[in-house]
Amino acid sequence: MPSPSRKTLTAIATVSALAAGGAALAGAATNTTPSAPSSSSSSTERPQRPPQKALTGDTADKVKAAALKKVPGATVLRTAKGGPSGAAYHAQVRKSDGTKVTVLVNSAFEATSVHARPAGGRGGPGGRGHGPGGPRGGQTALTGDTAAKVKAAALAKVPGATVLRTEKGGHGSTYHAHVRKSDGSEVVVLINSDFEATAVEEMPKHP
1 MPSPSRKTLT AIATVSALAA GGAALAGAAT NTTPSAPSSS SSSTERPQRP PQKALTGDTA
61 DKVKAAALKK VPGATVLRTA KGGPSGAAYH AQVRKSDGTK VTVLVNSAFE ATSVHARPAG
121 GRGGPGGRGH GPGGPRGGQT ALTGDTAAKV KAAALAKVPG ATVLRTEKGG HGSTYHAHVR
181 KSDGSEVVVL INSDFEATAV EEMPKHP
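In case it helps, our numbering puts the sequence shown at residues 1 to 207.
Keep in mind that a hint or two might mislead.
Simulated DEER-style distance windows between Cβ atoms [stated by the list, open to error]:
#: 1; residue 1: Arg94; residue 2: Leu164; range: 23 to 33 angstroms
#: 2; residue 1: Thr143; residue 2: Ser107; range: 37 to 47 angstroms
#: 3; residue 1: Asp145; residue 2: Arg180; range: 16 to 26 angstroms
#: 4; residue 1: Lys69; residue 2: Ala148; range: 28 to 38 angstroms
#: 5; residue 1: Glu110; residue 2: Thr198; range: 27 to 37 angstroms
#: 6; residue 1: Ala148; residue 2: Ser113; range: 27 to 37 angstroms
#: 7; residue 1: Lys53; residue 2: Lys181; range: 46 to 56 angstroms
#: 8; residue 1: Gly57; residue 2: Asp183; range: 55 to 65 angstroms
#: 9; residue 1: Asp58; residue 2: Gly144; range: 40 to 50 angstroms
#: 10; residue 1: Ala108; residue 2: Leu164; range: 42 to 52 angstroms
Here are the simulated DSS-like pairs of lysine-lysine, each with C-alpha atoms no more than 30 angstroms apart in a straight line [what the hints assert, rightly or not]:
#: 11; residue 1: Lys62; residue 2: Lys81
#: 12; residue 1: Lys100; residue 2: Lys70
#: 13; residue 1: Lys149; residue 2: Lys181
#: 14; residue 1: Lys70; residue 2: Lys149
#: 15; residue 1: Lys95; residue 2: Lys81
#: 16; residue 1: Lys149; residue 2: Lys95
#: 17; residue 1: Lys70; residue 2: Lys95
#: 18; residue 1: Lys53; residue 2: Lys81
#: 19; residue 1: Lys95; residue 2: Lys64
#: 20; residue 1: Lys69; residue 2: Lys149
#: 21; residue 1: Lys81; residue 2: Lys64
#: 22; residue 1: Lys95; residue 2: Lys62
None of these hints come from the bench; they were simulated from the model. A virtual CB, placed ideally from N, CA and C, is assigned to each residue, including glycine.
Put together the whole structure using the sequences plus the hints.
As structure tokens, this is what we get:
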């Protein structure tokens, strides 16, 4: 049998080398996987509100004095920089009836406004979502002479009613009384520090 020529052997070797190289490139392309995106680039951190800076020294004394002038007889719980509506300072105080308010003070150490805070949080009288007849959590029941005066004021405002309970605070008032009228409906009577009934509010009817 005649031996293959040199040109034929060279051509076969060249084709074999090209085929091997193509297979290697295909394997490399198959094994290459795209890199996963960095989790740090996709996540967005919410900036945290900087903590309020408590006042000290002469500044704290001036803010405290301004708050007490605005709300006589109150107890200042703390004073701090800043506040709602761009106030320079604010003071959180507890009034004589136990309710808490925030007094805004300007840069001239003058109290500009008082922001009421609902007694007992969301469950207090007039708390968010409950109205004046909301859950009793956080409310302080009245006793003794104070309870008797609040009861008398409520009955004077709503004659013939039955007083269910009397408590501190309520929609910015000093006291309030839950009463049932002669027709069976229930209302809340708001009473000020002079034991005068100032308003009657209907309680929401629950299903």
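Exercise. Which numbered hints are broken by the structure, listed smallest first?
Worked result: Those not satisfied: there are none.
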